[in-house]
Structures are given as C-alpha cells and as structure tokens.
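**Student:** Quick mapping for you: the protein sequence lines, in order, are chains A and Z.
In this text, residue positions in the first sequence follow the working numbering: the first is 128, and each later residue adds one.
In this text, residue positions in the second sequence follow the working numbering: the first is 26, and each later residue adds one.
Keep in mind the hints are simulated off the structure, nothing from the lab.
Among these hints, one or two may not hold up.
Pair ranges (Cβ atoms, derived) [as the list claims (entries may be wrong)]: (1) Z/N129 x A/E461: 20 to 30 Å; (2) A/G509 x Z/A138: 19 to 29 Å; (3) A/E454 x Z/Q211: 31 to 41 Å; (4) A/D207 x Z/I209: 45 to 55 Å; (5) A/L478 x Z/G205: 33 to 43 Å; (6) Z/K263 x A/G419: 36 to 46 Å; (7) A/K492 x Z/D71: 29 to 39 Å; (8) A/E454 x Z/E222: 54 to 64 Å; (9) A/V497 x Z/G128: 25 to 35 Å; (10) Z/S212 x A/L478: 45 to 55 Å; (11) A/K492 x Z/G128: 23 to 33 Å.
Glycine is no exception: its CB is placed at the ideal position from the N, C-alpha and C atoms.
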Amino acid sequence: MKIDIYDKLTILSDSAKYDVACTSSGVDRSGKLGSIGSAVKAGICHSFSADGRCISLLKVLMTNVCIFDCKYCVNRFSNDIARVGFTPRELADLTINFYRRNYIEGLFLSSGVIQSPNNTVEQMLKALELLRNVYHFGGYIHVKAIPGADNELIARLGHLADRMSINIELPSQQSLQLLAPNKTKESILRPMGLISTKIQENSTDLVKFRHASKFVPAGQSTQLIVGATPDTDHKILTLTEGLYKRYHLKRVYFSAYMPVAEHSLLPSVNTKPPLMREHRLYQADWLLRFYGFEAQELLDEQHPNFNLQVDPKCNWALNHLEKFPLEINKAPYEMLLRVPGIGVTSARRILTARRSSLLDFSGLKKMGIVLKRAQYFITCKGRIMDGLKITSAGTIRALMTDQYQLTSPNPEQLSLFNEPFITREDVQQCLTGQI
Amino acid sequence: MPDRTDLIYAYDGSFEGLMCCVFESYTQKEIPSVIRPPGVQQSLFDTEKWIESDKHKADRVFNSIPVKISPSAQELVKLGFLTCAPHKELLIYHFLRLGFNYGNKVMTMLTDATVCSLQKAVRYLTSESHKFKGFARFSVYGEVLVAVIEPNNFVLPLIAMHFCDRFRSEEFMIYDKTHGMALIYQSQKAELMFVEELTLPEVDGTEAEYRRLWRQFCKTIAIEGRNNPRCRMALMPKRYWGQLTECIVRSSIK
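Next up, chain Z with everything else stripped away, as it sits in the complex (with noise of 0.2 Å):
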C-alpha cells in the first residue's frame, strides 16, 4: 500500500464517518498521516480529501470487526471514539490496521505503542466515568434535577445507564460543559443531544439548606489530627473541584 505522508482524511467527527475513512483507506489502497474531525484548522498548504459519511460502508467495517478480529477489539473502538487521547481518530485507525493484519491477537499486543496508547486513553476514559458517578452533583429545581459536570473524556454514554438506573423514578438532566451534550431523562426515557449552552434558575431555600448541610458535614467527618491535602487531591483532582458541592467556596454559591 503507497504510503502518501501528505494524505489527509477529512470526516464529519462522527463514529459512523470515522469507520467511513477505514473503508475508504482500504479500497483506495492509502495510508492518511491525518484524519480531520471538524473545527480543526487546515494549515495553509495541505490539501484533504472529504470522506462523506455512509451508513453502509460504516456497517461494513464495523460488523466486520469481531468477525475479523474480536468482539472487545469492537468495544475497545468504540470506547475510544470516547475518549479525549490526541489524534483517537488515527489512533483508532492504526489499531485497526493492526487487528485486520494480525487478527485477535492484537488485544494481547500490549508492548505496541498503537495498542498500547488506546488501552490507556481507554482506561483514562473508564475511571473518569467511574469518577463522575461519584462526583455529578444534583441541585433539585421543583421537580427535575440537574447536575453539570465538566469531565475531559465523553462519559455521558458511559455513565447514562447508572443514573437512569439509579433514578429510575425521577427526571433529571446531566450537562456536560466539556462537549455541550446533555442526558436528558424524562418519563423513564434517556435522550442525548446537544446544548449550547445552560443557565440554570436561583436555587430555592430548601435546596440552599441541603447544600450547607452536605458542606457541614464533609468538613466535620475529617479527622484532624489525620490531616492528609495530598491524598485527598490525588484521588479528588482540584481539577473536578468547580461542580462540587462540598468544595465550592462559600461566596460564590450564595
């Protein structure tokens, strides 16, 4: 297969087109150096080829997957497409390339440097998932409640079916600031689709009260004289502390 170092793939950034520029790159015999998802600026002089999303072609690839080389090479893709790892779409790309050439086989390759970086964009993917199950923090408005998160990978589809579940009886909606999605779940039916952006009302006295409550009783449980910032930061990154209750300095709240 010619490899053209010069040859960028341009896709629409969904899962369905990534799996479109697969196809393409394989019946035209190419290898792309960049798959392009939108947004992302061209410099001056290089020149892509739009690869047009096709339902068809992308089953094609898709269905082919834990046929050609394993049902949890099929998951490992499309936990990835998740994830927030630089250039994914390549990433995914050449792991592909990999599990078509040696088959099942790739899932064990883990000294590959391909294989070996999508396992870990994907393992960063699940424990901030398993993180955000912990750390969403719902303020009640009547009678939905609403919780914002700000996570680096998208997690939304990973962590739906644990809320849903969880609160199966109530409406509620998450936002994700990070990529302007929300999960909206409504007469136990979830939805996901884009917001912009939010604003959310003045919180009421009752849900004011729950907040100092939850404030007082984080400070309280802590043992002085076992005072450890270190670890509480290496297992709750200050990074997540904005969206959580307990952490909020006082002023800003109220």
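Only chain A is shown next, with the shape it has when bound in the complex (with noise of 0.2 Å):
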C-alpha cells in the first residue's frame, strides 16, 4: 500500500505533538538573495492550535519507528501503531512550501530511533542538508538529538540547527531506570554537555574568526514530564535550576503526563493531565529566569511541593511579609519584581516614570498596573491604598485567601478531598500560549 504525504503528515505531527516545545526564538538571521528565510529573535507564533498552544515550527517526527520502549511514549516499540517515515526530499518539500505561505517560521524534526541512534541522525542530517545547502533555507531548525548517537553525528546537526534539544523527560535516574530502560542519565547528559561545551567553544570562535560557522546560535533546550513518576517539584525546579546553571540552557520545559499507556508503573489512563501543577512550574521557571529568584526560595525539602491555589511568587511573598509593604516611589527594581502582581513590564514602566514625578495608586492604574494582588504589597508615597484595611500578617493572608476564593479555613493546608479552586485566569493560561 502507498502512503501519501498527507497520510504521513497526520501519522508524523500525531506523533511528535507530546513535544511541548515550538518557540523559534534565540536567534537573528536576516534573508539573503537567492534564499529563502529569516529568524527572528523574539519568535513567532504563525498560529494557535485548539489547545492554546502556539504553532511557529512544522513539528513532525521523521519516523515514528523505533527501537527504543520507553513506557511513557506514544511511539514505543510494543505499541501497535502504523509506521510511516518521511524520506529527507518530502520533508524538505513540506517546509519550503508551508514556510512560503508564511504558515511556519521553520522546522523542528524529531525522530523515533531507527535501527540505530547512528543511523537515525543520518537520516536527520540529509534532510537538514537539503535544506540548508540545496533549498538554501535560511529559516528556523530546532532538531533533537538522539541520545547515544556519536559526538561526530551531533556536531553536524548542530552546524545546521538553530536550537538543539535532548529531552530528558524524567527527572531522575530510578524513574529512568523503571520506564525507559533504553535510556540512562548518562546518554542524555553526555551529549547535552557535549552541546553546551561546543556552543561556548564557538562564541569564542566566532569572536576570532568573523567567518566561523554558527553552532546552535538559539541554546539548546530540554522537556520534562510532570506527573507521570513520584517526582516532587521541589526536585524537579533544582534540577531545572542545575540545568541553567551548569548546561546553559536557553529553556527548560514541562509537559504534564499524558496518559497514553496502560502500564503498571504508570498512572492510569483516566488520570487528568496536572496542568496546574505544570502551570506552576512554568511560573517558577520564569520567577528564576526573569525575576531573580532561586529555587530554594520557592521550595525546600518540608515544602517539596508546590501550592496550587497561589502562584509560586505570591506564596513567597506571603511567606516573607516582613519585607513588605514596599513603598513604590523608592524601591529598586529587584525589589519590584518581588511584587506579587508585578511583572518586568510593570517594574519597568514604574521606574520610568518615577524619573518625572511621585506615583499615587491612580497614577499606577492608568500605566496600566494591575493592582489586584499588588495592591496588599505596596504603598505609595507612604500610604496603603485607600479603603484597604490592613492590621496584621494574618488578615493579608485572608484576604489573598479571599481572593482565590479558598474554602479551607486554613489555606497552606491543602484538603485532600477538594477540587482546588482555580482562578480564571490561570485556566486560561494554562498554560501553553508561553511556551
């Protein structure tokens, strides 16, 4: 039987839609005569899949064939589903023509593990190389690289990607050792030190020699699935802290188990997705990379877990009411940040305007801040916000309490048998339109 192309367009993107990943940022490339393409450092989102997440990459597997039986994976040998594969002419001809029509911003190629890890990153490396140096695509890549493959094979990926990636999926080396037992630490850590090494090794290459070629100019990323091991977050955040601290890493991602196996070590196909548990990873994640913060502050071993009630950043400052009320005309930035409510655009905008005159609360509303969690952590000019009556730590926390509409008299606590309240608005963001 023949399989068309849009046959194996739906079998290749079903597949490689567990990837979370699909931001085409990190790198600046302007276009060229006699090519076609560009980056564009800040990303961009082409559309919006039904579950709110962004669409920039044509992500697709370039098989869905594999040796490998990772448990958690919709691919896995022992799972009885059709195998098709792209040959390297179709894919290059797919993202030529999709990025055309302005319907990509570039390609992220996966793949299942072909005969062997060797063999399946020749398979990559042709269809990249069609692309880069027949098409002439000056476009986004982002490739992952096979875990076991040779450092030879990884180097030349990263020669023709943008951003480069190895997910590591489960947080430690027992879950490892249980659910995909094809996989050590070892394999995945070996070539994301090997990338990151490389990447460093050819900034100051380029410093040097104007001409060097690029390695991985967009940072190399990782994922991590929440959810379908005993993992606490606690373990998971210092991991992610580890990863932007010794791997560079440009991003860490979190994709809350999907339950698409039944299997004994695994939680059972009924279970819901945690996004909210997801939800707030990713908000702690942007509290270490934007907001100055460690994930020792955001959790310890008697609190390995996050509260899914209150945002990681409110939590905190809950937590540390002594060092509130800040007073907004005086603050540094660092502090502002601090500010349950505030966000770098806010914290920004507040110190330019501070430059011209003092500001009362309705000068902050008409900047466009949002005062409804900020307002219980700041005065201006020295005053709280009128009608807000403030006597003690505790009525703060009964009224943020108040505010996610929690029912328990006791809000740390988190009841075993409710439903957690959730806000609208962390609904709508969960999650995904960041990612």
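Fit the two chains together into the complex; they arrive one by one in their own frames, and the hints show the way.
**Tutor:** Printed below as a string of structure tokens:
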C-alpha cells in the first residue's frame, strides 16, 4: 500500500505533538538574496492550535519507527500503531512550501530511533543538508539530538540547526530505569554537555574568526514530564536550576503527563493531566529566569510541592511579609519584581515614570499596572491604598485567601478531598501560550 | 494662547498635513478642538479651517522634535500616526504641545492622560504588527505570493521590512483590506500603493493541496486532553480568523 504525504503528515505530526517546545526564538538572522528565510530573535507564533499552544514550527518526526520501548511514549516499539517515515526530499519540500506561504517559522525535527541512534541522525542530517544547502533555507530549525549517537554526528547536526534539544523527560535516574530502560542519565547528559561545550567554544571562535560557522546559535533546551513519576516539584525545580546554571540551557519545558499507555508503573489512563502543576512549574521557571529568584527560595524539603491555589511568587511573598509593604517610589527594581502582580514590564514602567513624578495608586492604574494582588504589598507616598484595612499579617493572608476563594480555613493546608479552587486567569493561561 | 473651543482644523489626512496643523496652531497661537481628516462628516453648524500641506512647514515641525523633545518622541509620533486610535491627530497634537513644553521629560510622564493614551495606542499597533508577521497567509499564484490582511492599525509599514528580508528572492504582495493599501515587492524593490479592490483568481491544485495539508497539520498537532478554546481565542482572537487558512470553514474555500 502506498501512503501519501497527507497520511504521513497526519501520523508523524500526531506522534510529535507531545513535545511541547515550539518556539522559534533566540536568533536573529537576516535573509540573503538567492535564499529564502530569516530568523527573528523574539520568535513568531504563526497560529494557535485548539489546545491553545502556539504553532510556530512544522513539528514532525522523521519517522515514528522506534527500537526503544520507553513506557510513557506513544512511539514505543511495543505499541501497535501505523509506522511511516518521510524521505528527506518529502520533508524538505513540505517545509519550503509551508514556509513560502508563511504558515511556519521553520522546522522542528525529531525522530524515533530507527535501527540505531547513528543511523537515525544520519537520516536527519540528510534532510537538513538538503534544506540548508540545496534549497538555501534560512528559516529556523530546531532539531532533537538522539541519545546515544556519536559526538561527531551530533556536532554536524548542530552546525545546521538553530536550536538543539535532548529531552530528559524523567527527572531522576530511578524513574529512568523503571520507565525508559534503553536510556540512561549518562546517555542524555553526555550529548547535552557536548552541545553546551561546543556552543561555548563556538562563541570564542566567532570572536576570533568572523566567518566561523555558527553552532546552535539559539542554544539548547530540554523537556521534563510532570506527573508520570512520584518526583516532587522541588526535585524538578532544582534540576531545572542546575540545567540553567551548569549546561546553560535556554529553556526547560514541562509537560503534564498525558496517559498514553496502560502500564503498572504509570498513572492509569483515566488520570487527568496535572495541568495546574505544570502551570505552577512554568511560573516558577520564569521566576528563576527573569525575576532573580532561586529554587531554594520557592521550595524546600519541608515544602516539596507548589501550592496549587496560590502562584509561587505570591506564596513567597506571603511567607516573607516582613519585607512588605514596599514603597513604590523608592523600591529598587529587584524588589519591585518580587511584588505579586508586578512583572518585568510593569516594574520597568514604574522606573520610567518615577523619574518625572511621585506615583500614586491612580497613576499606577493609568499606567496599566494591575493592583489586584499588588495592592496588599505596596505603598504610594507612604500610604496604603484607600479603603484597604491591613492590621496584621493574618489579615493579608485572609484577604489573599478571599481573592483566591479558598474554602479551607487554613490556606497552606491542601485538602485531600476537595478539588482545589483555581482562578479563571490561571485556567486561561494554563498554559502553553507562553511556551 | 486663546483656547477657542469651536476651532476645527481640517487637513488632507497625510502625516505632513498633520505636522502643518501643529505649525499653524503655534504660529496663530490657537488651539484646535478637533483635527479632522478627510472623509469625516461635518456637522451642520461648525466651520472648519483648511490647513494646506506644506513640506517646508511640516519639516520644520518634524525636525524640531528630536532636538526639542527627543528622538524617541519623534518615533512615537511617527508610529502614533499609524494607529487606529480615535482622534489620533488630537492625541499627537497634545503630546507634542506637552513635549515642546516639558522637553525630554514628556517620555517619562506615563501617568499623564495624553502620554499614556498615545503610548497605549502605539503598543497596540506594534503588538498587532508583530501578530501579522505570523498571521499573514500567502497563497501562491503562479510565481507570485499574495496575502490579504485585515488589521485594525495600519501595520504595513511596520511589517514591510520583515517580509522583504525574508522573501528576498520572491515576488509578493500584501493587501491591507482595511486601509485599501498594498505592499508590492518586485525585483528586490518594495512599494506601498493604494489598491481599492483586489479580486484574486481561483487557486490551482497545488495551492489547494498545501492548504489541505496545513489544515490537517493544525488539527493534528493539538492534544485533545488539553483542549482550551479560551486560551486559543485570547492569543488569536476570532477577528483574525477570516484570513487564516487553517480557521476558514472548508466549504467557503473550495
């Protein structure tokens, strides 16, 4: 039976969809005469799928044939599904034709492991070389490094791609052993280390030789599955922080586990994906990357998981009420960022506006600063907001609790039996637009 | 300066013309209450003062902005003119008055009603133009790519560079249906021109096939267990769907 491109696309994008990363950010590259395509540092979203996630890249597998048997994965070899693969030419044609119509920002190429990791990477190299060298494609390429492939092959991939990623998926060695018997921590971290070293070597090369070819200019990223194993948020967040610091990763993505297989070691197929937990982890991830927080400030051994009802920053503020209220007209930037409800944009705007006049609450509102949460933590010209009565730390807690409409009298304690109340904005953001 | 509340300026709708309104107001020491672009209906009793465009006067005003206020204020005014803010002329005019009065400081007066309205309008413009870098959908007609967009703000000047750079070796046209303008890029030269109406021919088989593939891809890539139409709508409001290949209902394409 001959399978046409439509069916291949359906099967191979369906198999690729559990990879959450779809950003096209991190590199600026202008177009050239005789070639097609450019890259924009901020990234561009071209569409949004029904689950609210951004579609920026043509996200497909080279093939969904796989010799590995990772229990959590749809493409595990023990799963009985149709197996197909693109030829390099088919894939390149599809990419160029989608790109010309401005459907996509580029290609996100991943693959099942066919025959061997090396063989797989060679297939992917063929497709990318065709795209870059024959079709002169200058758009974005995100490629997955296959664990277990030779260094030399991974390095060649890196010179063709803008971003590379290797998914850690399971946050601990024990979980890996149980659920991904063909992968080891070593087989994942070795290529990650290799890419990280190569990127750094390359950045010094670029200083020395102007025409040195760029190696993974948009950096590398990874993905962790949340909720397939008993690993705590604390463990996941500490790992995330380590990856940013030691491997200089650009992004760590979290993916709420979607039950795709019945297995005694996995949550049952009826389990709902822990979307809120994933959302809290993303919020914490932003706090690490843009707000100057450290993982240990947000979680510790005693509190290993996020409070699902209150966002991590608000939770931190409630536990550090001695640092508040903050005078908006005097507080340094780093502290403004720690006020619940004030983000990078708001904090910068406050700094700008402060240069010409003293700010009051109505001024803040005009500037578009959302006071819903912030009001409890700030003063303007030494005064708290009109009509706000704060007598003790307990009152703030109660007021915040009110806002989150908690039913339990003790907000820190999560009830085992009640569904946690979750704010509308949380549900809306949950998540993915930001991915 | 006497403030005649009934004073109405009418101009030709060009940026140059608006700069001349500012010039007129300063030389005549008067403050208009309305600055009217062509095409807006006059009410029965008002009398408008026609302000003739004059390149020399316009340049004097425009070139004084970076000197007397700041280069970023000049940029803000230029962008402000492309926004869809109601009475954008008056907004820009009052911003400039504040600027000539306070100088560079005006850029930090974010709590002032005029400054914050103008900045908000410009933010809307820039965010919409960023959206259209992704949402413009081209169709291939022979060798030429054609996209139709319906933005609220006049985003063409802001997205022109991006597409000319990206499709450097192509020939393309982006037609802005809202403003009746088109960006035409041919043999490495870009041009903005008025286009009243555009009738596109039927698409060929290849084009229809790629549209079908793209629609299928968008459908497949969503994870059913995470269905979140509200989130999708917040990030890609329905207003844009009319020109998005993947969102148009099937029957209306074929």
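**Student:** All hints are to be evaluated individually against the structure, with a verdict given for each.
**Tutor:** Now for the hints, and whether the structure bears them out:
1. Z/N129 x A/E461: 20 to 30 Å: holds, 27 Å
2. A/G509 x Z/A138: 19 to 29 Å: For A/G509 and Z/A138 the Cβ distance comes to about 25 Å; the hint holds.
3. A/E454 x Z/Q211: 31 to 41 Å: violated, 59 Å
4. A/D207 x Z/I209: 45 to 55 Å: Taking Cβ atoms as reference, A/D207 and Z/I209 lie about 54 Å apart, which means the hint holds.
5. A/L478 x Z/G205: 33 to 43 Å: holds, 41 Å
6. Z/K263 x A/G419: 36 to 46 Å: The hint (36 to 46 Å, Cβ to Cβ) holds, given that Z/K263 and A/G419 are roughly 38 Å apart.
7. A/K492 x Z/D71: 29 to 39 Å: holds, 35 Å
8. A/E454 x Z/E222: 54 to 64 Å: holds, 59 Å
9. A/V497 x Z/G128: 25 to 35 Å: holds, 31 Å
10. Z/S212 x A/L478: 45 to 55 Å: holds, 47 Å
11. A/K492 x Z/G128: 23 to 33 Å: Roughly 26 Å apart at Cβ, these two residues keep to the hinted range, so it holds.
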